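Asker: Construct the complete structure from the given sequences, taking the supplied hints into account.
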Amino acid sequence: VLLSVCVFFVQTNHTRKELLFLMFKEINLRNHSSLHKLFYSLRNVNIDDIIYISTTITPHKLLMILTTGEMQLLGSINQYAKENPMLEKINQSCLVNPKNIESIDLKQHRVSFVNGDVEDFSRSSVKMMKDFLARYNYKTEKLAKQKEINDGHVNV
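Sequential numbering from 5 applies to the sequence shown in the working numbering.
Derived from the structure by calculation, the hints contain no laboratory data. Any given hint could be a false lead.
For lysine-lysine, the following BS3-like pairs were computed, each having C-alpha atoms within a straight-line distance of at most 30 Å [what the hints assert, rightly or not]:
#	residue 1	residue 2
1	Lys-103	Lys-143
2	Lys-103	Lys-131
3	Lys-93	Lys-103
4	Lys-111	Lys-131
Just the calculated beta-carbon pair ranges, DEER-fashion [to be verified]:
#	residue 1	residue 2	range
5	Ser-126	Pro-89	15 to 25 Å
6	His-64	Lys-146	30 to 40 Å
7	Thr-144	Pro-63	32 to 42 Å
8	Lys-86	Pro-63	11 to 21 Å
9	Leu-137	Leu-78	11 to 21 Å
10	Ser-126	Lys-103	17 to 27 Å
11	Thr-62	Asn-141	31 to 41 Å
12	Thr-62	Lys-143	12 to 22 Å
13	Lys-143	Pro-63	29 to 39 Å
Being a predicted model, the structure only gives us computed values, none of them experimental. Don't be surprised by glycine CBs; every beta carbon is placed ideally from N, CA and C.
Answerer: Given below as structure tokens:
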């Protein structure tokens with residue numbers, strides 16, 4: 005079935021939504037999430053390339069930031085947290101790969117990543133961040149979010 009699905013994608017000239025609908029009809033799957041998992045499982049990503057996964061303003065759409073770029077996913081943060089125990093949830097809208105954290109600011113509750121991005125972490129994650137500091141030997145420094153730097157409102 006997987007091989008015919010791949011060929012089906014190549015031979016048609018439809019939008020992604022039309023293709024999914026045609027695939028549902030063709031394969032006669034009752035559970036649409038199974039097809040969704042099948043379709044998105046075709047994208048293999050090395051876990052070490054993932055820097056973090058964050059939510060977007062569009063419901064159920066996530067942004068995966070990689071060392072090689074970025075990609076959009078469908079699903080929820082909680083779903084990806086359950087499926088990928090090596091990623092850690094630092095707030096309601098962000099999962100991180102601890103291997104790609106560059107530094108942690110415990111006072112400002114911010115994490116800096118290898119690509120220069122900065123994300124806030126929740127107060128409930130402070131203990132986990134202290135564990136990360138002990139385990140991975142990160143730098144500790146004062147961090148400002150890129151938006152604050154651009155707006156000129158850096159509180160250092």
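Asker: Indicate, hint by hint, whether the structure satisfies it.
Answerer: Evaluated hints:
For the given pair, Lys-103 sits about 13 Å from Lys-143 by alpha-carbon distance, which is consistent with the 30 Å threshold. Between Lys-103 and Lys-131, the direct Cα distance comes to roughly 17 Å. Compliance with the 30 Å bound is thereby established for this hinted pair. This hinted pair checks out: Lys-93 and Lys-103 have alpha carbons roughly 14 Å apart, not beyond 30 Å. Distance check on the hinted pair: Lys-111 and Lys-131 sit about 13 Å apart at the alpha-carbon level, within 30 Å; holds.
Take Ser-126 and Pro-89: their Cβ atoms lie about 19 Å apart, and the range 15 to 25 Å holds. Checked against the hint of 30 to 40 Å, the C-beta distance between His-64 and Lys-146 comes to roughly 35 Å, which is consistent with it. Distance hint check for Thr-144 and Pro-63: the Cβ-Cβ separation is about 35 Å, which falls inside the suggested range of 32 to 42 Å. In this structure, Lys-86 and Pro-63 meet the distance hint of 11 to 21 Å, their C-beta atoms being roughly 19 Å apart.
For the pair Leu-137 and Leu-78, the beta carbons lie near 34 Å from each other, so the given range of 11 to 21 Å is not met. Between Ser-126 and Lys-103 the C-beta distance comes to about 21 Å, which sits within the given range of 17 to 27 Å. Judged by the Cβ atoms, the range 31 to 41 Å given for Thr-62 and Asn-141 holds: they are separated by roughly 37 Å. For Thr-62 and Lys-143, the hinted distance range of 12 to 22 Å is not satisfied, since their beta carbons lie about 34 Å from each other.
Hint check: Lys-143 to Pro-63, Cβ distance near 36 Å, so the stated range 29 to 39 Å holds.
Checked against the numbered hints given earlier, this structure breaks hints 9 and 12; the rest are met.
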